[in-house]
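J.: Here is how the chains run, residue by residue.
2 protein chains.
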Amino acid sequence: MAKDKKMVKAITSRDVDFAQWYTDVVREAKLCDYSSVKGCLNYLPNGYAIWEMIQADLDRRFKETGVENVYLPTLIPESLLQKEADHIDGFAPEVAWVTHGGMERLQERLCIRPTSETLFCDLWARTVQSYRDLPKVWNQWNSVLRWEKTTRPFLRSREFLWQEGHTIHATYEEAEERTLQMLKVYQDCYRETMAIPFVSGRKAEHEKFAGAQDTYTIEALMYDGKALQSATSHFFGSGFPDAFGIKYVDKNNELQSVYETSWGWSTRSIGGLIMVHSDDDGLVLPPRVAPTEVMIIPIAQHKEGVLDRAYDLMAELKKAGYRVKIDASEKSPGWKFSEQEILGIPTRIEIGPKDIENNQVVVVRRDNREKIVVSLDEIATKLRDILETMQQDMYNKAKDFLESHIYEARTLDEMVEKFKTDRGLIKACWCGDEECEGEVKYNTGGAATRCLIEDEEMISDKCIYCGKPAKHMAYWGKAY
Amino acid sequence: MAKDKKMVKAITSRDVDFAQWYTDVVREAKLCDYSSVKGCLNYLPNGYAIWEMIQADLDRRFKETGVENVYLPTLIPESLLQKEADHIDGFAPEVAWVTHGGMERLQERLCIRPTSETLFCDLWARTVQSYRDLPKVWNQWNSVLRWEKTTRPFLRSREFLWQEGHTIHATYEEAEERTLQMLKVYQDCYRETMAIPFVSGRKAEHEKFAGAQDTYTIEALMYDGKALQSATSHFFGSGFPDAFGIKYVDKNNELQSVYETSWGWSTRSIGGLIMVHSDDDGLVLPPRVAPTEVMIIPIAQHKEGVLDRAYDLMAELKKAGYRVKIDASEKSPGWKFSEQEILGIPTRIEIGPKDIENNQVVVVRRDNREKIVVSLDEIATKLRDILETMQQDMYNKAKDFLESHIYEARTLDEMVEKFKTDRGLIKACWCGDEECEGEVKYNTGGAATRCLIEDEEMISDKCIYCGKPAKHMAYWGKAY
Numbered sequence: 001m002a003k004d005k006k007m008v009k010a011i012t013s014r015d016v017d018f019a020q021w022y023t024d025v026v027r028e029a030k031l032c033d034y035s036s037v038k039g040c041l042n043y044l045p046n047g048y049a050i051w052e053m054i055q056a057d058l059d060r061r062f063k064e065t066g067v068e069n070v071y072l073p074t075l076i077p078e079s080l081l082q083k084e085a086d087h088i089d090g091f092a093p094e095v096a097w098v099t100h101g102g103m104e105r106l107q108e109r110l111c112i113r114p115t116s117e118t119l120f121c122d123l124w125a126r127t128v129q130s131y132r133d134l135p136k137v138w139n140q141w142n143s144v145l146r147w148e149k150t151t152r153p154f155l156r157s158r159e160f161l162w163q164e165g166h167t168i169h170a171t172y173e174e175a176e177e178r179t180l181q182m183l184k185v186y187q188d189c190y191r192e193t194m195a196i197p198f199v200s201g202r203k204a205e206h207e208k209f210a211g212a213q214d215t216y217t218i219e220a221l222m223y224d225g226k227a228l229q230s231a232t233s234h235f236f237g238s239g240f241p242d243a244f245g246i247k248y249v250d251k252n253n254e255l256q257s258v259y260e261t262s263w264g265w266s267t268r269s270i271g272g273l274i275m276v277h278s279d280d281d282g283l284v285l286p287p288r289v290a291p292t293e294v295m296i297i298p299i300a301q302h303k304e305g306v307l308d309r310a311y312d313l314m315a316e317l318k319k320a321g322y323r324v325k326i327d328a329s330e331k332s333p334g335w336k337f338s339e340q341e342i343l344g345i346p347t348r349i350e351i352g353p354k355d356i357e358n359n360q361v362v363v364v365r366r367d368n369r370e371k372i373v374v375s376l377d378e379i380a381t382k383l384r385d386i387l388e389t390m391q392q393d394m395y396n397k398a399k400d401f402l403e404s405h406i407y408e409a410r411t412l413d414e415m416v417e418k419f420k421t422d423r424g425l426i427k428a429c430w431c432g433d434e435e436c437e438g439e440v441k442y443n444t445g446g447a448a449t450r451c452l453i454e455d456e457e458m459i460s461d462k463c464i465y466c467g468k469p470a471k472h473m474a475y476w477g478k479a480y
Numbered sequence: 001m002a003k004d005k006k007m008v009k010a011i012t013s014r015d016v017d018f019a020q021w022y023t024d025v026v027r028e029a030k031l032c033d034y035s036s037v038k039g040c041l042n043y044l045p046n047g048y049a050i051w052e053m054i055q056a057d058l059d060r061r062f063k064e065t066g067v068e069n070v071y072l073p074t075l076i077p078e079s080l081l082q083k084e085a086d087h088i089d090g091f092a093p094e095v096a097w098v099t100h101g102g103m104e105r106l107q108e109r110l111c112i113r114p115t116s117e118t119l120f121c122d123l124w125a126r127t128v129q130s131y132r133d134l135p136k137v138w139n140q141w142n143s144v145l146r147w148e149k150t151t152r153p154f155l156r157s158r159e160f161l162w163q164e165g166h167t168i169h170a171t172y173e174e175a176e177e178r179t180l181q182m183l184k185v186y187q188d189c190y191r192e193t194m195a196i197p198f199v200s201g202r203k204a205e206h207e208k209f210a211g212a213q214d215t216y217t218i219e220a221l222m223y224d225g226k227a228l229q230s231a232t233s234h235f236f237g238s239g240f241p242d243a244f245g246i247k248y249v250d251k252n253n254e255l256q257s258v259y260e261t262s263w264g265w266s267t268r269s270i271g272g273l274i275m276v277h278s279d280d281d282g283l284v285l286p287p288r289v290a291p292t293e294v295m296i297i298p299i300a301q302h303k304e305g306v307l308d309r310a311y312d313l314m315a316e317l318k319k320a321g322y323r324v325k326i327d328a329s330e331k332s333p334g335w336k337f338s339e340q341e342i343l344g345i346p347t348r349i350e351i352g353p354k355d356i357e358n359n360q361v362v363v364v365r366r367d368n369r370e371k372i373v374v375s376l377d378e379i380a381t382k383l384r385d386i387l388e389t390m391q392q393d394m395y396n397k398a399k400d401f402l403e404s405h406i407y408e409a410r411t412l413d414e415m416v417e418k419f420k421t422d423r424g425l426i427k428a429c430w431c432g433d434e435e436c437e438g439e440v441k442y443n444t445g446g447a448a449t450r451c452l453i454e455d456e457e458m459i460s461d462k463c464i465y466c467g468k469p470a471k472h473m474a475y476w477g478k479a480y
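If you read the protein sequences in the order shown, they are chains A and B.
Note that the first sequence covers residues 1 to 480 in my numbering.
Note that the second sequence covers residues 1 to 480 in my numbering.
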């Protein structure tokens, strides 16, 4: 049974025009579209359902580490946003301001939160008094708004969905540990659930979050060789909470500073899912984040008994815990195959009169089109194996891609050459000066440090640009 | 083991000062508090966790009826809000306006959504063409903002959390059916999950949602005898979508109008939970919405084996699917009892050396303080029965309260008298004139129609105020 090619011709090849391919996949899989509000997206059912899968997985991981969910206001008074100097410098240029409420002009402008550190600190300044009130390990699932100039679905939009975790602790060490613990939660979720490999580490000084002492990042490599900053975890030390006057009385009755962290993961991750796994036929989703794991497609469904058997199969699979749908519409099987592939449903089950006669079905994997004949007696258990194998295969494939696209460079020429002919990440050493990075960026057409590499021996003792002693080795790459 | 009274003295008696009692319970149970943003709340972990329980329950019920979740922008351009005349009249006085983005003044003001009918219709006007695109049965979980003058935790605040469902259909009948179907989903959730009984029906003409043809409401009766509008479902007919130009081509290739519904349930429902079930010792939660169902409190926990056995019990109950916690802190058992009661955890399990010797525990219900001795061998099954019985008992108690607080009145004097001496709802007939309702409201100190009663015989054929022929019988009451 041939696939119907009419539907997929709407998708540009990703090797011909990656940006267009991305837009085509987002549109054809009906994940989101632009709204009448410039730079803001409508998250459609197919796209939002992926976000719900990610949310459920992350939320479970958070709660296992003791995180509690809360919800703080959308609006932040201007005076509150201004309390920490670096923070306001970082965010003031990109917030939206509310100036009128109802018919009245407000006495103080309110911004729509671009992030909520200031609101959390304001609340804690009023409510935290004693060591008994610590730690606070809180998170919220919400939307934030940043007045971006250019926007792309999931990757950059004025409003986006995310979670922002905020914590305060009695000691420096505990807060630092929490920063790394949440980074690990993100890493686990990318590896195990999103099937996305990555490099990870600290951000260079000038790339840190506004007001943070350390920012840790996860950088995934997209199919076009660009990096995507995929989640971040920040350690603030006590500077931020001190600016808000959060202090606690310890067991010895002495006044102490608290230490703060924050960490976020956004709908940008859906862009990463697309650009790591999908192909010219549409979306490819790892089973663990797929809202539907399997689509049953009856063959010759007008023949007696086929539809009944297909519905029975659906009921059986549903009972066994699968997220399953059936396409019993009047469309041709070929058309249905194409649609299932565009939507990125990990597997389809073809079931026709011949299959029923032989007490079997054909399972087809979305990622590699492998066809697997499975006995109807065993499908409810075998399908889980197929999905788990697919999940693992997708991760391995992406990991091979990442590893084969990491290069080394010891001179600027080497690096320029690499970024001309190859796509990927380059390990190179650096003096730590922002200006040198700027020059590299200019010469390579956009490659900058993605994160520092602190657990490997440096491949050179000189800065790749100025030749002075190198302070860091870093992954360099072009990025979204 | 006596309860520690020190903690609960912070709660005013609800029979002495109901408003203060409400504020005290919200504060002592740490559900939410005010933020630095006037009229906006911080939803704290204990309060937000209840919302998560409600969300999970409602979301499951929605999806069983085919609802798909989406997310549309927070901001609405002024021109879009103005497209439907009644709607803008209803909402313009109470929205917050964004006038600046980043450093720039915007060409068109954007409001923060007070509700999203306009955004859904705008999206559908661009994307719905054919009968094949119908129906759309969408919902979003989000926050909305209305510039209220006076605010009270959960009951009325400028920003609140809710879900708003929006649907369009090919026929009038299908849309009307969906309106009632979602009303029923809300009714089921109130009855089965929130243990809250109610009266329910259509709103009077002038009480309808801005732009709706019919508004159906659920009205629950609070302990102080006031009604709380607890969820609403609206039928728009085709007026609203026509204003946005949503049309579809039917099977005969003819252009047709679509028919619209919307329906919402907000964090206000948490206020209802408090005012229906809670008492002078703090929060009382029906087990099905309680984030924690049972608190294990070890007695004489320093004695050998007690803590070990208590932790084993927790592990056993967790494995059996209970939401269980243990309080193994250094506080006295009496203090722990008080705390568990303030927080509204439905049951506690007391386990001490004597209990262990007798292979038993004592389960204490929060609602009626009943003490139930259960064998340790049976606790994992018996506790479920206790919680289910408690759930049912709480519903029955609230239902008795509701039924014994519904009265009838045939004259204004009767009604005024009733509202002076009793608290509750009054059935009375009415000509349908808004002015008559206003006079009744004035004379009774605030009682107005809550919803029409259309399935019972009218108790009078005259309007309770003007004496002209009655058009409707309605429930009248004072309300939040």
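What the hints contain is simulated information worked out from the structure, not anything from laboratory work.
One thing to keep in mind: the hints can contain errors.
Note: identical chains are not told apart, hence a pair may lie in one copy or across any two.
With a straight-line cut-off of 20 Å between C-alpha atoms, the simulated EDC-like cross-links for lysine to aspartate or glutamate are [as the list claims (entries may be wrong)]:
id, residue 1, residue 2
1, K318, D377
2, K247, D377
3, K319, D17
4, K63, E52
5, K226, D279
J.: Indicate, hint by hint, whether the structure satisfies it.
T.: Cross-check of the supplied hints:
1. In this assembly of identical chains, the alpha carbons of K318 and D377 lie at most 20 Å apart only when taken from the same copy (15 Å versus 34 Å across copies).
2. In this homomeric assembly, K247 and D377 never come within 20 Å of each other (Cα to Cα): the closest approach is 64 Å inside a single copy and 48 Å across copies.
3. With identical chains, the CA atoms of K319 and D17 are never at most 20 Å apart, being 43 Å at best within one copy and 52 Å at best between copies.
4. In the homo-oligomer, the alpha carbons of K63 and E52 lie at most 20 Å apart both inside one protomer (16 Å) and across protomers (13 Å), since each shortest distance falls under that limit.
5. Proximity of K226 and D279 under a CA criterion of 20 Å is satisfied intra-copy only: 16 Å inside one chain copy versus 59 Å between copies.
Consistency with the previously given hints fails for numbers 2, 3, ordered from lowest to highest.
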